[in-house]
Amino acid sequence: MLLTAMPSAIKGDSIFYRLSFTSAILIFLVLIGIILSLIDGGWLALSEFGPGFVFRNVWDPVNSEFGAASAIYGTLVSSLIAIVIAIPVGLGTAIFLAELAPDWISRPVSMAIELLAAVPSIIYGMWGLFVFAPWFSEGFQFWALENLVGLPLIGHWFDGPPIGIGLMTAGIILSFMILPIITALTRDALKTIPNVVREAAYGVGATPYEVITRVLLPSIKNAAVGAGILGLGRALGETMAVAFVIGGANRIETSLFMPASSISSTIAQQFNEATNEMHISALISLGLVLFVLTFIVMGAARLLLRKR
Amino acid sequence: MKLLKSIVMSSMLAAAPFSASAKTEVINGAGASFPHPIYAKWAEEYQKETGIRINYQAIGSGGGIRQITAKTVDFGASDAPLNEERLDKEEMIQFPMVMGAIVPVINVPGIESGALKLTGEVLADIYLGKIKKWNDERITALNPDLEIPNQAIYVVHRSDGSGTTYNFTDYLSQISPEWSEKIGRNTDITWPKEATTIGGNGNAGVANFVGRTRGAIGYVEYAFAKQNDLTYTQLASADGKFLQPSMETFQAAAANADWENAPGFELLLNNQPGADSWPMTAATFILMHKDQVNAEKAEQIIDFFEWSYENGGELAEDLDYIPMPASVVNMVENVWKEDLTSNGQTIIK
Chain A
1 MLLTAMPSAI KGDSIFYRLS FTSAILIFLV LIGIILSLID GGWLALSEFG PGFVFRNVWD
61 PVNSEFGAAS AIYGTLVSSL IAIVIAIPVG LGTAIFLAEL APDWISRPVS MAIELLAAVP
121 SIIYGMWGLF VFAPWFSEGF QFWALENLVG LPLIGHWFDG PPIGIGLMTA GIILSFMILP
181 IITALTRDAL KTIPNVVREA AYGVGATPYE VITRVLLPSI KNAAVGAGIL GLGRALGETM
241 AVAFVIGGAN RIETSLFMPA SSISSTIAQQ FNEATNEMHI SALISLGLVL FVLTFIVMGA
301 ARLLLRKR
Chain B
309 MKLLKSIVMS SMLAAAPFSA SAKTEVINGA GASFPHPIYA KWAEEYQKET GIRINYQAIG
369 SGGGIRQITA KTVDFGASDA PLNEERLDKE EMIQFPMVMG AIVPVINVPG IESGALKLTG
429 EVLADIYLGK IKKWNDERIT ALNPDLEIPN QAIYVVHRSD GSGTTYNFTD YLSQISPEWS
489 EKIGRNTDIT WPKEATTIGG NGNAGVANFV GRTRGAIGYV EYAFAKQNDL TYTQLASADG
549 KFLQPSMETF QAAAANADWE NAPGFELLLN NQPGADSWPM TAATFILMHK DQVNAEKAEQ
609 IIDFFEWSYE NGGELAEDLD YIPMPASVVN MVENVWKEDL TSNGQTIIK
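Those protein sequence lines, which keep their order, are chains A and B. By this note's numbering, the letter at position 208 of the first sequence is numbered 208, and the numbering carries on one by one without gaps. By this note's numbering, the letter at position 206 of the second sequence is numbered 514, and the numbering carries on one by one without gaps.
Derived from the structure by calculation, the hints contain no laboratory data. Ideal placement from N, C-alpha and C gives every residue a C-beta, glycine not left out. The reader is advised that the hints may include incorrect statements.
Claimed, not checked - To give a feel for the contact side, a few chain B residues facing chain A, derived at Cβ under 7 Å:
1. G371
2. S488
3. G492
4. N509
As the list claims (entries may be wrong) - Which chain A residues stay away from chain B? Per the calculated CB distances, all over 12 Å, these:
5. G12
6. A117
7. G155
8. G160
9. V197
10. P218
11. I229
All chains should be built: construct the whole structure from the sequences, respecting the hints.
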């Protein structure tokens, strides 16, 4: 019995090995395929404008003059705003849920956060446009125009038409979208810390504040950074929600209230109606730029993680 | 193996209804989203009468042109007409199917719908950022009877590429040499930095910003403005007469247009002559290959368009589209007869 069973078990192993190997290779091939087809589709624009495509601050479909600078700027700034808001809020929420809140609060709130993650991005976009933007305009922008514009250094961030859309609104909407990821990941990381660690810290007389900031947070540092990066990854590529509220202007402005555009929103909004070949090619090149940009951000984040 | 078998079986079962429906002819079209509501309505009524299904996908004009060029659909649709050179190169015919109009919409406190008078020059200068206040003397001079507040102007435009923007910027280019030189016309343009601009996604986005931003002006399709009760303005025709947007003034624009001298029907209906021609009117176009592989199917497609011209006028007006005038339809029918071929034989007798 044993003798007859053995070969088939080995055969099964090798089949399983090959199957899983193929799956892994397949992903790699798909990735290369995407890069190659992006280069192929964007070649017309890339060869016309050269590497300077990335730095050119012009997007003029009428005269077929294209450059990615304004879209890159919009993508980076809106994602940065999102991260700046979402990391502290997400971390705070996670700490509260995992360490401080009693079960009857922590359970429903955790569920609510997971539900937030499941909301499709178009809903965030519509909510942002119809509900958040009017509120933001009346509740914050008019006040900011009167009180913040005069400030040194950051004053000009708030100098723009108080219409509720633009870079800042896009960043805030993005922060809502990445909040669930950051919260859920850091909360789970906190929960994996064995209770003996907490007990030991409390045992030597530490206050809850000291336990959280000196013991727990340092031990989940990697997980928290990882959560931030995943959030950033989503923010960089987010399309529809941003397209609704960013205002669709291809230019670089220092004011965060001014309309702008991100790489993905430009592609989504212009691809359907682009008829000129150079226009289409420039949009595909933008896709390549986003691909590379995401790669760089992810790579940098990995390096950061390894060093710690 | 069992698993594999059941997968194969179930996929065959799932595919069965499709293969059955493939027997009843399906005509595939793709393109402009502006005429989608009326094409869908026509397709529905046509299917009730004939059983032929028209599958029209509103993927945008650019997509429509790409799909028909690649021959993945039976007909393409575009808001902006292709030029003769491109039509010849791709060996396609092009004809106008239905028309729409664009109206300026505003949000100025105290000004009612249809009250404010604007000319093309003033409109262009507002969008160029040269007129920045509603009580600018160039606006008040046109409207001596109106009490216009001292209010900054916000310029709202489409943030997505669209045929509406194409036609709007074409009109401004015709009217204003400065616009034509500095900005130009396209489905998506670089908006003048001098004006305070807001980009809205789609007609709904533009309407939303105009609706809640005091001092805003935007441009939307007439059907959208009417169905959503937006505050529109009067506009001066090419002959200088102030007009209200209405079916009559739109039809006047189409009737006065010089289609005869427009090869491939490449004609934008903006700023047409005639005192009563609404200056921002636009046709939307169908594209087909001259050489058809399947003559029967081509005949079927043309039958749908012919049916739509003949029976679709009322449906179009219900949805605030403007039917093509009979004279234009005649010219289109001649093009079908002359240019559509299969194996060197003309298809439409």
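Could you check the structure against the hints above and give me the numbers of any it violates, in ascending order?
2, 8
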